[in-house]
Amino acid sequence: MSGGGGCCGELYSCVFDYSTPRIALIKSRKVGLLNRVIQLVILAYVIGWVFVWEKGYQEFDTVISSVTSKVKGVAATNTSELGFRVWDVADYIIPPQEENAFFVMTNLILTPNQTQRQCPEVRVQTGRCVAYNETVKTCEVDAWCPVENDLTVPKPAFLGSAENFTVLIKNNIWYPKFNFSKRNILPNISTEYLKSCIYDRVNNPFCPIFRLGSLVEEAGESFQDMALLGGVMGIQISWNCDLDKKYTHCVPKYSFRRLDNRAFDHNVSPGYNFRFAKFFKDSSNVESRTLMKIYGIRFDVLVFGTAGKFDIIPTMINIGSGVALLGVVSK
Amino acid sequence: MSGGGGCCGELYSCVFDYSTPRIALIKSRKVGLLNRVIQLVILAYVIGWVFVWEKGYQEFDTVISSVTSKVKGVAATNTSELGFRVWDVADYIIPPQEENAFFVMTNLILTPNQTQRQCPEVRVQTGRCVAYNETVKTCEVDAWCPVENDLTVPKPAFLGSAENFTVLIKNNIWYPKFNFSKRNILPNISTEYLKSCIYDRVNNPFCPIFRLGSLVEEAGESFQDMALLGGVMGIQISWNCDLDKKYTHCVPKYSFRRLDNRAFDHNVSPGYNFRFAKFFKDSSNVESRTLMKIYGIRFDVLVFGTAGKFDIIPTMINIGSGVALLGVVSK
Amino acid sequence: MSGGGGCCGELYSCVFDYSTPRIALIKSRKVGLLNRVIQLVILAYVIGWVFVWEKGYQEFDTVISSVTSKVKGVAATNTSELGFRVWDVADYIIPPQEENAFFVMTNLILTPNQTQRQCPEVRVQTGRCVAYNETVKTCEVDAWCPVENDLTVPKPAFLGSAENFTVLIKNNIWYPKFNFSKRNILPNISTEYLKSCIYDRVNNPFCPIFRLGSLVEEAGESFQDMALLGGVMGIQISWNCDLDKKYTHCVPKYSFRRLDNRAFDHNVSPGYNFRFAKFFKDSSNVESRTLMKIYGIRFDVLVFGTAGKFDIIPTMINIGSGVALLGVVSK
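Protein chains in written order, with this note's numbering: chain A, 2 to 332; chain B, 2 to 332; chain C, 2 to 332.
Hints are supplied without guarantee of correctness; some may be wrong.
Identical chains share a label here; the pair holds if one copy fits it or two copies do between them.
[Said to hold, decoys possible] Pairs of lysine-lysine residues, derived as PhoX-like cross-links and limited to a Cα-Cα distance of at most 25 angstroms, are as follows: (1) K294 - K196; (2) K56 - K178; (3) K71 - K254; (4) K71 - K156; (5) K56 - K247; (6) K310 - K246; (7) K294 - K279; (8) K294 - K282; (9) K246 - K178; (10) K310 - K247; (11) K56 - K310; (12) K73 - K279; (13) K246 - K56; (14) K178 - K254.
The set of hints was computed from the structure by calculation and includes no laboratory data.
Bear in mind that the values here come from a model prediction, so they are computed numbers and not experimental data.
With the rest of the complex left out, here is chain A (with noise of 0.2 angstroms):
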C-alpha cells in the first residue's frame, strides 16, 4: 500500500498527502510593516468590537414578562355639587385590574341620574326642536337625559391630589431560551426598606414604588397639566442581562416616557379620557344611571430586555468572518 502506482494508490496519496504552495519571500521593510498593520487593525476590530464590545460570542433571546400594580393614596374633595367627598382606590382606579397596566382618574365630568327619555339635544333625533335654555333652541332627541355637558373640564384637575399617590410594581420575567427568571423586588431588599422607601433615580434606582408625581416629573411633564385632559405615560422597564456574569448583574431599569400626543400638536381626543356609568334602579324598578367622563393617566409598564449567554454558534460565526478577512489581507 506504500506509494506505488494505481487506482488505490491514487487514492492514498489524495487522502493522506499534505500539499502547500511554495512560498516567495520578499524581504521588503515597508510592505510587511504595511501588511502587519492592516493585519493588526482587522484582528483588534474582530477581537475588540465584536467580542468584547458587541458580545458577538453570545447567544440572544427576548423577555417574557408578567406585571401586576397596587396604588396606594386617598383624596378629598369638595365642590358645590358633590359636597366633600372622599376617593379611594375602589372609586378612582378602572378597571380594577389591568394586565400590564393601570388608570388613575385625574378628572371627571359627573351627569348623575340620566334616564332613557327624550330630552333636548343633538343625537337620535325626533324631529321636534324645543328650547334647550332660555336662549337656544336645539333638536329633541332619545337619549339617556339630562344629556352631559362636556364643554367644559373642570380646572384645576378634580383629583389633582393623585400625584401624591404611590404605586407598588411588581415585575417577573423569563427568558425562556435560558430558563432564568427574575423578580424586580431583588433578593437583596428587606422587607423593611420596601415599606418605606420611594422610587429615585440617584439614591434608591431599585425601589419598586413610585409616587405618580415623580414619575410624570422624570418624564418632563407637568402633572397638572397631564391631570386636565389626561394622557399615557410609559414606565419602562429595560432587563438587559449578560448571563455570563453573576445572577445579581442582572437588574431592572427604569424610565419613563409620555406615549400620547400633547394636547398642542393634534388637538383631536387630546390627552386620554373614556366614559363610564354606574347603574342604579328606583324602588319603581326603572334604571338610571351616573355617566362619567372619565380623564386620567394611564400608566403602561413597558417591559423589554434581552439576555445574551455564550454559545459556540456566533461564536464560530464571528471567528470565522473575521478569519476570512485576516485572509484576505493576507493575499
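Based on the hints, put chains B and C in the right spot on chain A.
Chains B and C in isolation, oriented as in the chain A frame:
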C-alpha cells in the same frame, strides 16, 4: 537590527517579511472565463441579495408599542322586552378601557331581576324536582333566579348597527435600540383632515379612524354574521422601518384579520361572549342583578415590526462570509 | 484581440487568465492524517451542529398572538354574614373580560353599606378622636364608613372550590414573516372530544380546557394555599415551529409557572388582591357602596415561540463562515 543572524533577526524577519505564494499562470480562455463567471455570480449575490434586498449591513430591533382607542357611535333598539332604548359608549364598551384592545357589544341576552333563591334548573341541586314549565320537569337549584335561558340568540343581532360605529386608534411606537419613536397620527396630517377622514386602504391609508363594518369587510367577513355570536378581529399595524432613510418614510401599514374560529369549524363555544352583571339593591336592602350574556367583537390591536439601521457588525459578518465564498472559488 | 501587447491585451489577460499557486507536495503520513482529521472535525461541526442541531440554514420570526378565555363553574358558600349564596361567572370574574389574562376570585373581605360620612379610623383626619370600640380610641376620619377591616383574611379561602372550575383557552398565533397562522384548537380535534376533555400533560396534551386546580398543582403549588391571599399564575404556551416540516408538526406546548413572590419571600403586599366596589342608591338618592377586597388568582397567558424556515441568507453566512475555518486549517 537590520538583517543579521541570531534570535533577534529571526523575530525581525518573521514580523516584517512578507511572504506570498508564487503563482502559476494558466493561459486557458475556457477555465479563466468560467472562473470569472462564478466569481461574478457570488459577487452579485453578496452585493445584490445580502446588501440590497435583505439589508445585511443593518442591525435590527423589534417594536415596543402603546395603544389607546376611542369608539364613537350611538345605536337605538326597539324590542318588546326593553321598549325603545338608546345605547351609547358607556353601555356597549365593556370594560370601559383596555390596553391593546376594545370590545364592542353586538348582541345580548338579558336576564333582569335575578335574586339568590331556589328555582327550577340544573346547577347546584337541592334534590327536589319541580315543574320547569307545563311540559318539562327539571330539578330545583340554588342559583341566581330566574335562571338565564340562552338557548336562542336574538337574530338579527341586537346591536347590528354597531357596524357604523367608528374608532380612533392612537398608537405610539418605540425602537429602544435606536431611541426612535413615532405615532400613527403622522405629523403632516392636519387636524381638519382628522375630524372628517375614515380609513380606506386606497384613498386614506394613514387615517387612524376606522368604521367597524368596513374593517370587518376588509378581512373578508360579514359584520352582521359576526355580530350574531361575536368574534375576535385583529387590527394589525406593521411598522417596518429603514432608519437609514428619512423620518417620513417610516409609516404604519394597517391590515385586518379574523382571529377566532368560524362557527362551522368547531362549534364549541363559537364566537366570543362573556357574562356581566349589574347589581342593584331594593329598599329592603335585598341584592338583585341584571345578568347580561354579552356577544360582541373584540378588536385586538396587534402591533409588530422591525427597524433596521446601518451597523458595522452585521456588515463585517456578511462581507467576511462573502469573501470566504469568493476565496473558495478562486482556488 | 487574441493575446498580443498593449492595454487591451493586458485587460484581456487579466480577465481571462487563470492563476493558481504551484503546490509543493509533502509525502508525510502523519502530517497528512492530522490535517484530514482536523478538516473532518470542522466539517462535522459545520454540518452537524450548525445545520442539523441549530438549524443555521433557517430564517426566524417571533410569534404574534391573540388569546381569549372562558371560565366555567359555580360555587356555593354558606357564611353567617351572607347566608347561603351561589357564585357564578358574573360574580367571580373581574373584570368580565381581559385580553391575555383572566382573574378568578378565591377569597373576599366584604364591607357592605358604606356611605360617605365620618367614622373612627386613620385616613383623612378631622382632628376629633372618638371611641373605635370599647377599649381603643382612634381618630375620626372622613371616609366611606364603616371603614374596611382587613386585618384577618377568611381561612380557609372563601371560594376555595374554585379549584374545580375549568377554563377554555383559545389561542391564535401568527408568524408575519412567513404569513403562517394556526390555532391551539388543532384541526384534527373533534368537537365531541372538546366537549369532555381536560388537559393532562401525558394523556391530553392538546386539550385546551384546563382545570384550575390541576394547573396550579402542575406548577408545584397548592391551590388552597394560593387561594388564601391570591397570586399570579403563568400559563405558558410555546409555539416553536420548524416550518420546513409539515403543517401538523407545529403544535402548542403548555407549561405552568407561579409568577408572584411567595408569601414567605417578601411579605410586602403578598399574593394578589385589589379593591372593587358596587354602587347603590337608596330611595332618597343617597349613594352607598359595597366594598370588596378581592383576593384571587390572575392567570396570565404568556405566548412565545420562534418559527424557522429555510432561507438563503443565513445558509450562506454559515457556509461562508465554515469554509473560512476550513481554509485556515488547510494552510
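Consistency of the hints with the structure:
In this assembly of identical chains, the alpha carbons of K294 and K196 lie at most 25 angstroms apart only when taken from different copies (20 angstroms versus 35 angstroms within one copy). For the identical chains of this complex, K56 and K178 are neighbours both inside a copy (17 angstroms) and across copies (15 angstroms), given an alpha-carbon limit of 25 angstroms. Taking the shortest Cα distances, K71 and K254 sit within 25 angstroms of each other inside one copy (20 angstroms), while across copies they are farther apart (32 angstroms). For the identical chains of this complex, K71 and K156 are inter-copy neighbours only, at 23 angstroms across copies versus 28 angstroms inside a copy, given an alpha-carbon limit of 25 angstroms.
Only within a single protomer do K56 and K247 lie at most 25 angstroms apart by alpha-carbon distance; the minimum there is 16 angstroms, versus 30 angstroms between protomers. For the homomeric pair K310 and K246, the shortest alpha-carbon distance inside one copy (9 angstroms) is at most 25 angstroms, but the shortest distance between copies (29 angstroms) is not. For the homomeric pair K294 and K279, the shortest alpha-carbon distances inside one copy (12 angstroms) and between copies (18 angstroms) are both at most 25 angstroms. Taking identical chains as interchangeable, the C-alpha atoms of K294 and K282 lie at most 25 angstroms apart whether they share a chain (21 angstroms) or sit on different chains (20 angstroms).
Proximity of K246 to K178 under the C-alpha cut-off of 25 angstroms is found in both arrangements, the shortest distances being 17 angstroms within a copy and 22 angstroms between copies. Taking CA atoms no more than 25 angstroms apart as the test, K310 paired with K247 passes inside one copy only; the shortest distance there is 12 angstroms, against 31 angstroms between copies. For a Cα distance limit of 25 angstroms, the shortest separation of K56 from K310 qualifies both inside one copy, at 9 angstroms, and across copies, at 18 angstroms. Both within a single protomer and between protomers do K73 and K279 lie at most 25 angstroms apart by alpha-carbon distance, with minima of 23 angstroms and 19 angstroms respectively.
Taking CA atoms no more than 25 angstroms apart as the test, K246 paired with K56 passes inside one copy only; the shortest distance there is 12 angstroms, against 27 angstroms between copies. Proximity of K178 to K254 under the C-alpha cut-off of 25 angstroms is found in both arrangements, the shortest distances being 22 angstroms within a copy and 14 angstroms between copies.
Comparing the model with each numbered hint stated earlier shows that all of them hold.
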